[in-house]
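My request is simple: use the sequences and hints to build the entire structure.
Top to bottom, those sequences are chains E and D. Using my numbering, you'd call the opening residue of the first sequence number 1 and step up by one each time. Using my numbering, you'd call the opening residue of the second sequence number 1 and step up by one each time.
Don't read these hints as lab results, they were simulated from the structure. Certain hints may be false.
[Unchecked claim] A few chain E residues that face chain D, going by a derived Cβ cut-off under 10 Å, partial list only: (1) D80; (2) F146; (3) S147; (4) W148.
[Claimed, not checked] As a list, the in silico DSSO-like pairs of lysine-lysine whose alpha-carbon atoms are at most 27 Å apart: (5) D/K90 <-> E/K68; (6) D/K223 <-> E/K87; (7) D/K90 <-> E/K76; (8) E/K69 <-> D/K227; (9) D/K90 <-> E/K87; (10) D/K128 <-> E/K76; (11) D/K227 <-> E/K87; (12) D/K215 <-> D/K49; (13) D/K241 <-> D/K128; (14) E/K151 <-> E/K29.
Glycine included, C-beta positions come from ideal geometry on N, C-alpha and C.
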Amino acid sequence: MRKSIPALLPGLIAGAFAGHGIAADLGVKIEIPRLTVAEYHRPYVAAWIERADQSVAANLAVLYDVNKKGAEPGTKWLQDLRQWWRKGGRDLQMPLDGVSGATRPVGEHALNIDKATLAKLPAGDYNLAVEAAREGGGRELVRVPFSWPPKKADTAKIQGQHELGAVTVDLKP
Amino acid sequence: MKSPLKALAAALCVLAATAAHAHNVWLLPSSTVLATPQFVTVDGGASTKPFVADHRPLQIDQLVILAPDNSKLSPVSVTKGELRTTFDVKLEQKGTYRMELVREGVRANWKVDGQPKRWMGTAEAFAKEVPADAADLQVSESASRLETFVTVGAPSAIKATGKGLELIPVTHPNDLVTGEPAVFQFNVDGKPAEGVEVVLVRGQTRYRNQLDEIKLTTGKDGKVTIKWPQAGVYWLDADIKDSKVTVKAAKERSLAYTATLEVLPQ
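Next comes the structure, spelled out in structure tokens:
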């Protein structure tokens, strides 16, 4: 009896993860473009995985002025990320562990996506949605469609027009 | 013999009554969708074109501001200008705030020695102040609701009052975007009302040559579906008449509902 338990464990662990496609991975890169404006403020950015009906499957990132001093908190302008706000942002409490963070400078930024988030994602068609809103500037939403879990390694890239540069999705089966 | 001053005052009263009828009332909040608790500022006026402050300030003595938890708030920094009233509201809770101005009244017209007489007041005052045997007596009742909504965080439910003509949100009034039709139900005294005439006018009318009104009529279920042609602040006016009167001499009751709605772009 005693001997059989350790012998069973590796099999149990393998069985527990077999259905989750644990190896599959989603990489997201967001480019914040350099803009020639007199007064530049880093944009607020939200990134999330969107179902076919545009509901939110998972929040990946919310970048805002987390350490803003003074009477007005940085969260005051979160509703300017309009789509994200009404699709689910307004139901969240900031800061959000593993999701919210500080605004980023100009350049390409890879998101750190929690493996557990991806493991819970049911098979289906999704959009990677990225929305940016800038103080004294505009707002833009970019959607990159992808299927989950991926059948083969693939890269999808959509170029933003004014507030966002390239948004890249890297899929690994 | 009437003094010239009294005659002038009477004439002005008639004018004021006419003006009150011909001009549209509106409330215009500075924001309707907010992420955090903060102040909003609201303008109110009466003018032909909604949100164009070119006639009279809105009388806000009876204004009620309801917080999401249904407690009442008082407006602050109230200023009554020549052309519009302004007030601020401190929003401290999460959820939907409702600002409403509800009015009820009786109008009477009759003749004394061939001269027209006009009276406006409450149903209670009517019996005391209007002679029951007045010649050519015409009496009508009116009930109106003017309101707007502002939400901090996620929208919360808007409670039906069950009184008069009111909008029952199927689509929340602070969750309006272009590309998504909004559905509103209109109730009279708590029941869906068929045949309510609904008119919507987008603000900024000065910068276009047509009013571009949207005209709709409620169906049996009291509902209308609105397809927003573009983002903006819309003035919604709904009207219906019925015979549910409280003063016996009145033949009909005019019900009016007016709201300010902000529609955001996709």
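Here is what the structure says about each hint:
A least Cβ separation of about 8 Å between E/D80 and chain D falls short of the 10 Å threshold, and the interface hint therefore holds. The criterion of a C-beta within 10 Å of any C-beta in chain D is not met by E/F146, whose closest approach is roughly 22 Å, and the hint is violated. A cut of 10 Å between beta carbons decides the hint on E/S147: the least distance to chain D is about 24 Å, and the hint is violated. Interface hint status for E/W148: violated, as the beta-carbon distance to the closest one in chain D is roughly 25 Å, over 10 Å.
About 21 Å separates the Cα atoms of D/K90 and E/K68, which keeps this hinted pair within 27 Å; it holds. Our distance criterion of 27 Å between C-alpha atoms is met by D/K223 and E/K87, whose separation comes to about 25 Å. Under the criterion of a C-alpha separation no larger than 27 Å, the hint pairing D/K90 with E/K76 is consistent with the structure, at around 15 Å. Taken as a hint, the E/K69 and D/K227 pair is broken in the structure, with Cα atoms around 42 Å apart against an allowance of 27 Å.
For the hint linking D/K90 to E/K87, the alpha-carbon distance of about 26 Å falls within 27 Å, and the restraint holds. At most 27 Å may separate the alpha-carbon atoms for a hinted pair to count; D/K128 and E/K76 exceed this at roughly 54 Å. Pair hint D/K227 plus E/K87 holds up; C-alpha atoms about 20 Å apart against a cutoff of 27 Å. Between the alpha carbons of D/K215 and D/K49 the distance comes to roughly 16 Å, so the proposed pair stays at or under 27 Å and holds.
Note on D/K241 and D/K128: the hinted pairing holds, with a Cα-Cα distance of about 26 Å set against a maximum of 27 Å. For the suggested pair E/K151 and E/K29, the alpha carbons sit about 20 Å apart, so the restraint of at most 27 Å is met.
Hints 2, 3, 4, 8 and 10, counting from the list given before, are not met by this structure.
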